[in-house]
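*Asks:* This is what each chain is made of:
2 protein chains.
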Amino acid sequence: MDYLGRLGRTRHRLGAARLQALVVSHLPNVRYLCGFTGTAGVLICGPSESVFFTDGRYREQARKEVRGAQIKIRPAKSALASAAEWLGQNNSYARIGIEAAHLSVAERNLLAGVLGKRQRLIEAPPLVDELRMVKERAELPLLREACRVTSQLFRGLIKVIRAGVSEAEVAGEVEFAARQAGAEQMAFPTIIAAGPRSALPHGRASRASIPARGFVVCDFGVILAGYCSDMTRTVHVGKPSVAGRDLYEAVREAQQAALAAVKPGESVGEVDQSARKLLQRRNLAKFFTHSTGHGVGLEIHESPRIAAGQTDELRPGMVITVEPGVYMPGKWGVRIEDTVVVTDSGCEVLTTSPKELIAL
Amino acid sequence: MDYLGRLGRTRHRLGAARLQALVVSHLPNVRYLCGFTGTAGVLICGPSESVFFTDGRYREQARKEVRGAQIKIRPAKSALASAAEWLGQNNSYARIGIEAAHLSVAERNLLAGVLGKRQRLIEAPPLVDELRMVKERAELPLLREACRVTSQLFRGLIKVIRAGVSEAEVAGEVEFAARQAGAEQMAFPTIIAAGPRSALPHGRASRASIPARGFVVCDFGVILAGYCSDMTRTVHVGKPSVAGRDLYEAVREAQQAALAAVKPGESVGEVDQSARKLLQRRNLAKFFTHSTGHGVGLEIHESPRIAAGQTDELRPGMVITVEPGVYMPGKWGVRIEDTVVVTDSGCEVLTTSPKELIAL
Numbered sequence: 000m001d002y003l004g005r006l007g008r009t010r011h012r013l014g015a016a017r018l019q020a021l022v023v024s025h026l027p028n029v030r031y032l033c034g035f036t037g038t039a040g041v042l043i044c045g046p047s048e049s050v051f052f053t054d055g056r057y058r059e060q061a062r063k064e065v066r067g068a069q070i071k072i073r074p075a076k077s078a079l080a081s082a083a084e085w086l087g088q089n090n091s092y093a094r095i096g097i098e099a100a101h102l103s104v105a106e107r108n109l110l111a112g113v114l115g116k117r118q119r120l121i122e123a124p125p126l127v128d129e130l131r132m133v134k135e136r137a138e139l140p141l142l143r144e145a146c147r148v149t150s151q152l153f154r155g156l157i158k159v160i161r162a163g164v165s166e167a168e169v170a171g172e173v174e175f176a177a178r179q180a181g182a183e184q185m186a187f188p189t190i191i192a193a194g195p196r197s198a199l200p201h202g203r204a205s206r207a208s209i210p211a212r213g214f215v216v217c218d219f220g221v222i223l224a225g226y227c228s229d230m231t232r233t234v235h236v237g238k239p240s241v242a243g244r245d246l247y248e249a250v251r252e253a254q255q256a257a258l259a260a261v262k263p264g265e266s267v268g269e270v271d272q273s274a275r276k277l278l279q280r281r282n283l284a285k286f287f288t289h290s291t292g293h294g295v296g297l298e299i300h301e302s303p304r305i306a307a308g309q310t311d312e313l314r315p316g317m318v319i320t321v322e323p324g325v326y327m328p329g330k331w332g333v334r335i336e337d338t339v340v341v342t343d344s345g346c347e348v349l350t351t352s353p354k355e356l357i358a359l
Numbered sequence: 000m001d002y003l004g005r006l007g008r009t010r011h012r013l014g015a016a017r018l019q020a021l022v023v024s025h026l027p028n029v030r031y032l033c034g035f036t037g038t039a040g041v042l043i044c045g046p047s048e049s050v051f052f053t054d055g056r057y058r059e060q061a062r063k064e065v066r067g068a069q070i071k072i073r074p075a076k077s078a079l080a081s082a083a084e085w086l087g088q089n090n091s092y093a094r095i096g097i098e099a100a101h102l103s104v105a106e107r108n109l110l111a112g113v114l115g116k117r118q119r120l121i122e123a124p125p126l127v128d129e130l131r132m133v134k135e136r137a138e139l140p141l142l143r144e145a146c147r148v149t150s151q152l153f154r155g156l157i158k159v160i161r162a163g164v165s166e167a168e169v170a171g172e173v174e175f176a177a178r179q180a181g182a183e184q185m186a187f188p189t190i191i192a193a194g195p196r197s198a199l200p201h202g203r204a205s206r207a208s209i210p211a212r213g214f215v216v217c218d219f220g221v222i223l224a225g226y227c228s229d230m231t232r233t234v235h236v237g238k239p240s241v242a243g244r245d246l247y248e249a250v251r252e253a254q255q256a257a258l259a260a261v262k263p264g265e266s267v268g269e270v271d272q273s274a275r276k277l278l279q280r281r282n283l284a285k286f287f288t289h290s291t292g293h294g295v296g297l298e299i300h301e302s303p304r305i306a307a308g309q310t311d312e313l314r315p316g317m318v319i320t321v322e323p324g325v326y327m328p329g330k331w332g333v334r335i336e337d338t339v340v341v342t343d344s345g346c347e348v349l350t351t352s353p354k355e356l357i358a359l
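Chains as they are written, first to last, in numbering that gives the first Met the number 0: chain A, 0 to 359; chain B, 0 to 359.
Treat the hints as calculated values from the structure; they're not laboratory data. Zero decoy hints are in this set.
Derived BS3-like pairs: lysine-lysine, alpha-carbon spacing no greater than 30 Å straight-line:
{"no.": "1", "chain 1": "B", "residue 1": "Lys76", "chain 2": "A", "residue 2": "Lys330"}
{"no.": "2", "chain 1": "A", "residue 1": "Lys76", "chain 2": "B", "residue 2": "Lys285"}
{"no.": "3", "chain 1": "B", "residue 1": "Lys158", "chain 2": "A", "residue 2": "Lys158"}
Sequences are here, hints too, so could you generate the full structure?
*Replies:* Dropping the structure here:
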């Protein structure tokens with residue numbers, strides 16, 4: 000990965016925001032800028048130098064992974080405490096940016112407590128999050144591969160779904176296959192929601208058994224070489240009713256409409272609206288209780304949000320999900336989701352599992 | 000669980016901190032106080048009422064789970080935005096506590112932006128985190144069961160560890176067995192660190208193969224009915240050298256010494272010191288680069304921290320880990336960890352897998 004280029008682009012943006020340094024404390028941002036994959040680290044990105052702080056546990060790993068930054072480790076000090084101390088000793092940094100969305104109030108206090116009189120903490124715009132929205136050429140094959148593995152896992156998943164098997168067992172099978180395919184971990188807790196539980200938009204796999212007849216929402220993704228994938232397919236156990244087929248087709252059309260709206264220059268709010276409009280026609284919009292999607296990359300949820308009122312413009316290289324759903328409490332639910340990359344003229348679907356209703 | 004009792008105890012502490020309400024935004028704390036297990040929710044705990052806020056996705060789940068609090072859902076508003084709006088309309092709350100360790104600077108701004116002139120945000124002491132440190136009678140069987148399953152998983156794990164198998168495959172097997180045993184998910188990314196990788200204190204299972212000879216650090220835990228477990232055992236593939244055996248025994252003695260120090264009234268700093276002292280005698284203390292342990296419950300890492308300089312006193316019902324380790328970069332590492340509950344006279348080890356060096 001082009002760590003030096005990323006640090007350079009961040010520095011450039013620092014200047015534009017009239018900041019002399021940025022305290023990068025959000026770990027995915029730290030990883031993006033200097034390659035560190037551990038669970039404790041802070042990067043200070045200054046105009047002419049970058050300094051990475053971690054604790055004793057990560058001495059060896061930092062040496063192996065970190066690029067483009069000096070490494071500093073103080074025994075028995077947290078990464079943030081070390082970073083704070085260093086900033087306090089470098090009075091030339093007067094306007095110091097913090098990541099307000101990712102830094103806790105207590106962490107902000109820790110930083111503020113050691114600064115000199117001329118130094119100020121400024122809430123920086125989401126500089127690094129914005130850079131990360133548009134994927135670099137080297138990132139796309141990794142996202143593509145994570146999505147390819149996910150589509151492949153779906154083939155195995157439909158073989159284990161049947162009445163009487165627990166949701167957790169299905170999840171266990173897909174997670175085991177993911178490990179065998181090289182996944183570092185699942186990208187989020189696997190959702191297998193069967194029968195009336197399909198009406199829970201976030202129905203994590205439970206010990207409940209799959210009933211003899213009904214929808215099963217399967218929402219899962221992997222982390223492969225650091226990059227996430229996200230896909231939902233809804234299948235049906237037993238023969239679907241006419242009303243069930245209609246519901247499924249309505250969601251499928253809404254998803255298709257939203258996919259068709261994804262192209263450079265379109266606003267993310269419009270993509271959300273495209274899915275909602277289709278459901279509105281069938282009086283189903285009130286059952287679509289979440290936003291249409293989100294960015295995917297080093298994090299499973301990252302910028303941009305594909306939601307009503309959001310104005311980010313799509314650009315080639317953005318990777319987002321498109322995932323409308325309809326949920327009728329106590330009865331049933333359907334969601335269909337792809338991870339897609341914005342191309343020069345539209346989008347390419349990376350999660351290629353079939354979307355015709357599968358009856359098992 | 001005794002949600003009403005917990006809310007009552009929180010209210011009592013609010014008074015002592017001269018607060019009229021507490022904005023509980025940390026999800027494990029929300030769950031602890033009112034039972035909600037979803038991924039988006041805020042609880043406002045006031046002197047005579049508690050109000051829970053979530054978004055449209057969790058309408059049905061909130062109805063099923065939340066106890067002791069009114070439920071409010073505003074379509075198309077985040078839980079925190081709804082909570083902020085509600086606070087702004089309730090001017091009688093003047094001094095409003097926030098969870099400074101868990102609320103981001105941006106979230107604090109969102110709250111502050113809608114408050115009336117007489118209303119102030121105050122950084123509250125960690126009221127709920129402190130309550131959670133000492134487990135209630137109903138919580139202990141759940142922690143016990145999570146630890147029992149973990150010890151059982153270890154028996155399967157040592158059957159799959161052998162030279163040539165990848166760390167990820169071993170992790171996959173243990174995670175699959177965990178699902179079959181009813182686990183909701185792993186408590187943290189499984190660590191299987193073999194050969195020279197055993198020197199990485201946080202060596203997540205990688206695609207690397209287990210070498211013909213050397214230590215394998217296995218650190219894993221499950222979440223069962225919401226409660227976490229945490230155990231590390233280090234095994235050896237092939238015949239251990241004399242130096243290897245010595246190293247292992249040094250860590251085992253250090254762990255034993257720390258376990259012996261765990262009793263009511265003892266300070267957590269002393270427990271940490273007990274492990275360190277033993278390693279100091281063998282000149283190994285400089286290779287013990289992390290703290291000795293942490294609380295375990297609804298979160299895998301919670302209060303208290305068992306670390307140098309920490310002064311929390313152990314009390315019966317606290318559940319903590321005891322996990323000294325020694326890591327020699329590029330060469331090898333050993334860690335031994337148990338989850339234990341503090342009893343009236345000492346502690347009971349909940350993770351009962353054997354600690355003699357196992358050569359595979």
